[in-house]
Amino acid sequence: MQYEAVIGLEVHAQLLTESKIFCSCSTQFGSEPNTQVCPVCLGMPGVLPVLNKKAVEYTIKTGLAMNCKITPYSRFARKNYFYPDLPKGYQISQYELPLCEDGFLEINVDGEKRKIRIKRIHLEEDAGKNIHDASGYSFVDFNRTGVPLMEIVSEPDIRSPKEASLYMKKLRTILRYLGVCDGNLEQGSLRCDANVSVRPVGSKEFGVKTEIKNINSFRFVEKALEYEIKRQIKLIERGEKIIQETRLWDAVTGTTQSMRSKEEAHDYRYFPEPDLVPVSVSEEWIEKIKTEMPELPDSKIDRLMKDYGLPLYDAEILTEEKALSEWFEEAVRLGGKPKEVANWIMVELLRILNEEGKEITESSLKPQQLVELLELVEKGTINRNTAKEVFEEVYKTGKSATAIVQEKGLTQISDDSILMEAIKEVIAKNPKEVERFKQGEEKLIGFFVGQVMKITKGKANPKMVNELVLKALKE
Amino acid sequence: MELHKLTLTEISKMISKDEVRPHEVIIDVFKRIQQVEPKVRAYITLTTDKAYEMAREAENAIFTGKKSLLTGIPIAVKDNICTKGILTTCASKILYNFYPPYESTVTSKLLRQKYILTGKTNMDEFAMGSSTENSGFHITKNPWDLDRVPGGSSGGSAAAVAADECIAALGSDTGGSIRQPASFCGVVGLKPTYGRVSRFGLVAFASSLDQIGPITKCVADAALMMNVISGHDPMDSTSAPIEATNFTEYIGQEVRGLKIGIPKEYFIEGMDEEVQERIKEAIKQLETLGCIPVEVSLPHTEYAVATYYIVATSEASSNLARYDGVKYGLRARGNDLLDMYLKTRSKGFGHEVKRRIMLGTYSLSAGYYDAYYKKALQVRTLIKRDFEKAFEDVDYIVTPTAPSPAFKIGEKIDDPLQMYLSDIFTISVNLAGVPAISIPCGFNNQGLPIGLQIIGKPFDEAGLLQLAYAYEQSTPWHKMKPNL
Chain B
1 MQYEAVIGLE
11 VHAQLLTESK
21 IFCSCSTQFG
31 SEPNTQVCPV
41 CLGMPGVLPV
51 LNKKAVEYTI
61 KTGLAMNCKI
71 TPYSRFARKN
81 YFYPDLPKGY
91 QISQYELPLC
101 EDGFLEINVD
111 GEKRKIRIKR
121 IHLEEDAGKN
131 IHDASGYSFV
141 DFNRTGVPLM
151 EIVSEPDIRS
161 PKEASLYMKK
171 LRTILRYLGV
181 CDGNLEQGSL
191 RCDANVSVRP
201 VGSKEFGVKT
211 EIKNINSFRF
221 VEKALEYEIK
231 RQIKLIERGE
241 KIIQETRLWD
251 AVTGTTQSMR
261 SKEEAHDYRY
271 FPEPDLVPVS
281 VSEEWIEKIK
291 TEMPELPDSK
301 IDRLMKDYGL
311 PLYDAEILTE
321 EKALSEWFEE
331 AVRLGGKPKE
341 VANWIMVELL
351 RILNEEGKEI
361 TESSLKPQQL
371 VELLELVEKG
381 TINRNTAKEV
391 FEEVYKTGKS
401 ATAIVQEKGL
411 TQISDDSILM
421 EAIKEVIAKN
431 PKEVERFKQG
441 EEKLIGFFVG
451 QVMKITKGKA
461 NPKMVNELVL
471 KALKE
Chain D
1001 MELHKLTLTE
1011 ISKMISKDEV
1021 RPHEVIIDVF
1031 KRIQQVEPKV
1041 RAYITLTTDK
1051 AYEMAREAEN
1061 AIFTGKKSLL
1071 TGIPIAVKDN
1081 ICTKGILTTC
1091 ASKILYNFYP
1101 PYESTVTSKL
1111 LRQKYILTGK
1121 TNMDEFAMGS
1131 STENSGFHIT
1141 KNPWDLDRVP
1151 GGSSGGSAAA
1161 VAADECIAAL
1171 GSDTGGSIRQ
1181 PASFCGVVGL
1191 KPTYGRVSRF
1201 GLVAFASSLD
1211 QIGPITKCVA
1221 DAALMMNVIS
1231 GHDPMDSTSA
1241 PIEATNFTEY
1251 IGQEVRGLKI
1261 GIPKEYFIEG
1271 MDEEVQERIK
1281 EAIKQLETLG
1291 CIPVEVSLPH
1301 TEYAVATYYI
1311 VATSEASSNL
1321 ARYDGVKYGL
1331 RARGNDLLDM
1341 YLKTRSKGFG
1351 HEVKRRIMLG
1361 TYSLSAGYYD
1371 AYYKKALQVR
1381 TLIKRDFEKA
1391 FEDVDYIVTP
1401 TAPSPAFKIG
1411 EKIDDPLQMY
1421 LSDIFTISVN
1431 LAGVPAISIP
1441 CGFNNQGLPI
1451 GLQIIGKPFD
1461 EAGLLQLAYA
1471 YEQSTPWHKM
1481 KPNL
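These protein sequence lines are chains B and D, in that order.
Going by our numbering, the residue at position 302 of the first sequence is 302; the numbering climbs one at a time, nothing skipped.
To get our numbering, take the position in the second sequence, counting from 1, and add 1000.
None of these hints come from the bench; they were simulated from the model.
Watch out, some of these pointers could steer you wrong.
Computed cross-link-like contacts, DSS-like style, restricted to lysine-lysine with a CA-CA straight-line distance of at most 25 Å [what the hints assert, rightly or not]:
hint : chain 1 : residue 1 : chain 2 : residue 2
1    : D       : Lys1375   : B       : Lys79
2    : B       : Lys79     : D       : Lys1343
3    : B       : Lys454    : B       : Lys471
4    : D       : Lys1093   : D       : Lys1050
5    : B       : Lys262    : B       : Lys79
6    : B       : Lys129    : D       : Lys1327
7    : B       : Lys119    : B       : Lys54
8    : B       : Lys113    : B       : Lys69
9    : B       : Lys388    : B       : Lys459
10   : D       : Lys1017   : D       : Lys1066
11   : D       : Lys1284   : D       : Lys1457
12   : B       : Lys429    : B       : Lys457
13   : D       : Lys1005   : D       : Lys1017
14   : B       : Lys119    : B       : Lys69
15   : B       : Lys79     : D       : Lys1374
16   : B       : Lys463    : B       : Lys474
17   : B       : Lys79     : D       : Lys1354
18   : D       : Lys1327   : B       : Lys79
19   : B       : Lys438    : B       : Lys424
20   : D       : Lys1343   : B       : Lys129
21   : B       : Lys230    : B       : Lys241
Sample of chain B residues with no beta-carbon within 12 Å of chain D, all distances over it, derived [to be verified]:
hint : residue
22   : Gln2
23   : Thr17
24   : Gln28
25   : Pro72
26   : Glu155
27   : Asp302
All residues carry an ideal CB built from backbone N, CA and C; glycine is no exception.
Let the sequences and hints guide you as you build the complete structure.
What follows is the structure in structure tokens.
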């Protein structure tokens, strides 16, 4: 029998606000344990939360970007459970009346557009971190406690691990465009839990689902889901039952392990948070936020294709990061030919950045420098191969392409007489190849051109060499 | 001169006129504390050294011309209000060693006035109780009869004011915890409108009901305290964006023509006869002052106690989850995390607190939420509407504060339901969020004080104080002192 997976994702995204959600402590990552805490985020007796408006704004922004309805009158609720990293013994979250509801995201699966519905987006506070020492003692770091966290819950519209991965990537791109989350799965600023079930293809009913936690890397989104889907299909085929439970992804063994069954599931005893008043979101506020929204990837892709004639593939790559698309458009604005600029970015710039593990924003190469380089190619001052070499130099030294070409004497040789001299030399040295060429082995043209390039140390204008060699050989 | 016997208004005036120095006042008050505290036991912590230091600061302020209303006034603070660097226990063993690194908003305001803290007063553990017998440390006695309870949960504050062990005090009121002890101890207690006074730094029992208020020797003193402690606080999202009024200005104004509602549901069968008589006399007295009594109905009164014990315990079950032995307070050794949690909370909390945590946890549990918590919220809305409706016809509502005078120590401790019913007249006020004051209105034949409760419209504390003052000034009750 053929099975299909039914997947819903719950994504937690840490918001990039400067201060925590209910106090003024810094949200900076990586500080010494318990240096970014105060009585409020430590949940000391008698203290009260005060809502960070920026966090609400970021959530509304996200909701708008994901086509959600914004709840005009939203409430916070307490989610009660005991854990050492939860200082109040409850998490301030949202239950009924989340900030955003009923939206969708579009993903592109092998050229086909798929709509994944968003059930809700709500705002809550993050918990701290337990640290288990080799000494047998456990410690708690409360720096993360109270960092604003947005939970984005999809409907069970995802049908394969690949779709899940595309959804996650799309989500991450949008969050980064909005500047509301840095999208770092490894550092935990973006976290993903998945609800997974399988059913025979064509069936309308849902199978028993499991919840997979601890998927903390993009690589693992697909792996974990693939494993879990296979596991469930195997159980069904063996005639066994799937148990509704929470399972933990183990990246080391590449498996999911049972964490707790439905019977052991917490009763969180949600109730409205009496220490906070309901959040009322006015139409004016929504309108104001709308005016501050950046152009989002979907419309940017369309625009890049339309305005610059780029193929979909290029437009998609260039829009993965907002800063990258901006880099591209700046280079074009400075006179670069769109497709040329796109090629150089995708082939050379992204390769170097990737090697160095850098973001586009950290690139030492500026759009102006690439455009200058492209102009040298265009004018025929240097050839393409030389240009690659110059590109690396520009990137490394920060010098202008013109300066490097001059310094290293890399100017392309486009002088007929100099080129002819080299060609004559090559012809004289390789009589056998000349003979074979003349007998019809025309692909040997490449050999001659290569030899000429070698003599001219790569500086010869390849197009001219090609023409001149042909002419010389046919004489 | 026995300075400790004076009211806040009197001492504040004397200090202004340079007739007495804060130092003399605090010396006299501590002398009084030394004499009577062994009998009354109103305090958990006496802050004697700190008090003398604060007296010096008060004198410096006066010397530099910066005297304000409460400068140099010895004030006792209930032990669930956080005072920076000063032990704050909530009368619970679980916080036996808790020194808050922050100051509550109310005491910050008092500090700016250069008040003098006499100490932190005893209470029912986490403000859960009506007799102060639920203190994790000791029992406080009623200054009028040492065999009787002072009421609760602010029993320590009320007893300290009644016994002249301070000039005024702060209490907190979740279901009557300021008014009922004020009535048992023959003093004035005001529960402000929910949101009038900041809750920042008040250790939460039931967040949607808790409110800090003054316990004083007379109505004018309550007005003075309110002048200082009320007002919007950005640290408390539930505090109303209404600035403080000068409540003292309303004191002494005419009350003729005010309509006084008498809710028929509050004069019930089986109520203490003497209480009933005193309240009837008080209503007569108000008539003499020109007020017009009108019968009103608060039809959902009978559901108030049940509603309260669901809402309050549900919130409490969550508010008290933070006492888990991980960060501060008591930690019992355990074999693992769960064992540590269980032992810490078993040892740290008293019976009543445990009972309420269990009640609240049950009410919020999956499958019971709709039948209990949600239902209770709906009834709460109905109770609130009762008041809104009644206040369409009358300006104030007058009731007894408690169904009986102070009861004997131990009398109700094993019968929680009886204990809960001692708040029957005060609880609705918290559920509705309206302000109410308890003032002395006479004594029973055993010489035990009886309290009159006046309930006002939201944020009408000024009018409430005005009416209470008019009544008080026309009667001798507030001048009576217990024999200690």
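request  = Check the non-interface label on Thr17(B): least C-beta distance to chain D beyond 12 Å or not.
outcome  = holds (17 Å)
query = When you check the alpha-carbon spacing of Lys1284(D) and Lys1457(D), does it fall within 25 Å?
reply = Given pair Lys1284(D), Lys1457(D) holds - Cα atoms ~22 Å apart, limit 25 Å.
key: Status of the stated non-contact between Gln2(B) and chain D (beta carbon gap over 12 Å)   = Fine: 37 Å to the nearest Cβ keeps Gln2(B) off the interface.
ask   = Are the Cα positions of Lys438(B) and Lys424(B) separated by 25 Å at most?
value = holds (16 Å)
message = With the threshold set at 25 Å, check whether the alpha-carbon distance from Lys388(B) to Lys459(B) stays at or below it.
response = Roughly 12 Å separates the two Cα atoms, so the pair holds.
ask   = Going straight from one Cα to the other, do Lys454(B) and Lys471(B) come out at no more than 25 Å?
value = holds (19 Å)
query = Taking the minimum C-beta separation from Asp302(B) to chain D, is that value above 12 Å?
reply = With a cut-off of 12 Å, Asp302(B) remains clear of chain D, as the shortest Cβ separation is near 43 Å.
Restraint status (C-alpha distance of Lys1327(D) to Lys79(B) at most 25 Å) = Since the Cα atoms of Lys1327(D) and Lys79(B) sit roughly 20 Å apart, the hinted pair holds (cutoff 25 Å).
query = Can the restraint linking Lys79(B) and Lys1374(D) be considered satisfied, given a maximum Cα separation of 25 Å?
reply = holds (16 Å)
inquiry  = So Pro72(B) supposedly isn't at the interface. Is its beta-carbon more than 12 Å from every beta-carbon in chain D?
reply    = Pro72(B) clear of chain D: closest Cβ-Cβ about 19 Å, beyond 12 Å.
task = Decide if the proposed pair is consistent with the structure: Lys1017(D) and Lys1066(D), CA atoms, cutoff 25 Å inclusive.
result = At roughly 14 Å apart (the allowed maximum being 25 Å), Lys1066(D) and Lys1017(D) satisfy the hint.
Restraint check for Lys1343(D) with Lys129(B), where alpha carbons must lie at most 25 Å apart = holds (24 Å)
Violated hints for the displayed structure: none, as all numbered hints are satisfied.
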